[in-house]
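K.L.:
One letter stands for each residue in the lines below.
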Amino acid sequence: MIDSMRLALIEDDERIGEFVEKGLAQDGHVVDWSRTGPDGLADLTSRTYDAAIVDVMLPGKSGFDVIRAARQRHITTPIIVLSARDAVDDRITGLDAGADDYLTKPFSFAELVARLHALVRRATTAPASYRLSYADLSLDIRTRRVERAGTAIQLQAKEFALLEYLLRNPERVLSKTMILEHVWEYGFDPQTNVVDVLVSRLRAKVDRDFTPKLIHTLRGAGYVLRAEG
Amino acid sequence: MSSARKAEHRRPWRSLAFRVNAWYVIVFIASIAALVATAVPTVRRALDRADSVVVEDRVERHVAVLATGLPEYRAAVAHADALGDPEVPVRIRDNHGDTLYEHGDVAAAHITAVRSAGDLHLEVGAPRAPWSSVFAELRTSALLLALGALVLAVCGGYVLTRRGLRPVRELAATARDVIRSGDLSRRVPEHHSTDELEEVSTLFNRVLAHNQALVAGMRASLDNAAHDLRTPLTRLRGTAEVALRSDDPAAARDALGLCIEQSDQLLAMLRTLLDIAEAESGIMKLDLQPVALPRIARDVVELYEHVADEHGVALALTAQDVEVRADPARLRQALANIVDNALKYTPRGGTVTISTERADEAGIIRVRDTGEGIPPEALPRIWDRLYRAEPSRSRPGLGLGLSLVKAIVDAHGGKIDVASTPGAGATFTVALPLA
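Quick note, the sequences are listed as chains D and Y, same order.
Heads up, the first sequence is in the working numbering, so the first residue is 1 and it goes up one at a time.
Heads up, the second sequence is in the working numbering, so the first residue is 1001 and it goes up one at a time.
Simulated from the structure, these hints should not be mistaken for laboratory data.
Worth double-checking, as some hints may not be accurate.
[To be verified] Residues on chain Y that point at chain D, a partial pick, calculated with CB under 8 angstroms:
| id | residue |
| --- | --- |
| 1 | Val1242 |
| 2 | Arg1271 |
| 3 | Asp1340 |
Quick reminder that beta carbons are idealized off the backbone N, C-alpha and C, glycines included.
Take the sequences, apply the hints, and build the full model.
P.N.:
Okay, here's the thing in structure tokens:
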């Protein structure tokens, strides 16, 4: 797993750029921030990045054009697009231009980080493991056996899917949207918070009778699998 | 505005009624004139030919009598019997052109036949009087007739076009009214006739009614959105403001988390409002394909099984195989909202049943709950944006769910109905076109 990433950020909005740069720097990543399309393209082509974050509406050259130009020059850096428009067309245009992922504004910072990690991991193709574990919690994908501190735990299908997702992303904040998409492949906001309900059920089985607590709620951000705090 | 102004002050001769009339009157006069111009000479020529035959015939008889001598001839003409035609003007002249005898006025005859018998030259004319007076009479009566027809054509044509164009004038007047006053409730008077212009009025009224409904809907949704956005915005602002005044870092962290949650709620609401607007205006992109209804129902059961369990409500599925033409993601969203709503209104120990079945022309999804039901007076309003039947005011939810469901179902060309017995639950039925 990569701890520190070198990232290119192409974003013309000062406030958004500032919080993305600051947030990523806090996590120990190095960010090169350019404010126009041509500057961003120059960054992307002049050095190697682990991933790039590209806004669509940019002065000089649109984000899509920057990505297209970069791909034409055989730059394979994984790219995530930021857009204020939620239109399906935009998403398709972005992916057609050569982007790897798409995030609609306003976005959760935790989600941006998680998606960046997913992109980088995809790019480095980590070997798949059948057995996932964190602290004294373990899960076997083939046998579907879950144990904590040697005690077997019975999980329902969606609970299992959620725990697998958390174990694949330990100590990383997962937003409700990401969990909805990952566990149910559902892309809308349900009126009742089905994610809250599933997390609390999983917690009852995995955390209630054990210490330390592993599944934590970060208000407004999502959930995280972590051994302390 | 300027074109409407222009129409109001249009001069009478610029009107369609006037121009159509004027055109027909001109055509009418021109054709009568042409008819007269060609018919009269033709008739005249025909009559002249008939006259000349008669005159030729007479002149032979006259020459025969004249051959017996001038005095005999004179006597014969005077008695008329021998020639059988006293009205015929004749004149006899000698080689010097001096008139020897004249009976009647040969110079006035329009056709004259001349024969010579020895030194005498005989001229016989055709009587003109009867034909000329007939023509004069004919001309007068034709003129009178034409004048009468002209008056009738002008008046009748004017009345007919004015009456016929009445729907257009009324339509223009209504349009002007609507533009000037902004009052979309005005309608063009309908006369229940079957002519084409009447149909235009009916269609125009339908467009007006549609616009009125749209504008009313937009106003209502804007009011509601403004109202319902105010509440979370107030919470958001309040939370941040109170946290700023406190010195407790833990409380500040909590407040920041709350702010994010509240902004997420705002965003969710904004998305739903946009979805509804898109679906209702017909610009929602639907990825239509054959979709198995049981599959969608199972997805939604999976999404809500844990929630139902927490509520102590059984979530049952009775699936009959049927494929409809729909956008799977949107259909799932619609069904999820119906089920979400049903779970909210069903008390512990109750059941929510999703069933799919095939009807004659449609695929049906039904969601039946055993909740408190919907009061009859609330039934027509449950599709309204942000409407919540009073008892549920305290429950979470945006009140937009069912409006979105209806908008999505409508966008698919489907139908949604609700039936309810208060106290005995409600049943939502969605019918979608078969694949």
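K.L.:
If a hint holds in the structure, say so; if it doesn't, say that too.
P.N.:
Hint by hint, here is what the structure shows:
no. : hint    : in the structure
1   : Val1242 : violated, 16 angstroms
2   : Arg1271 : holds, 7 angstroms
3   : Asp1340 : holds, 5 angstroms
Hint compliance for this structure: hint 1 alone is broken.
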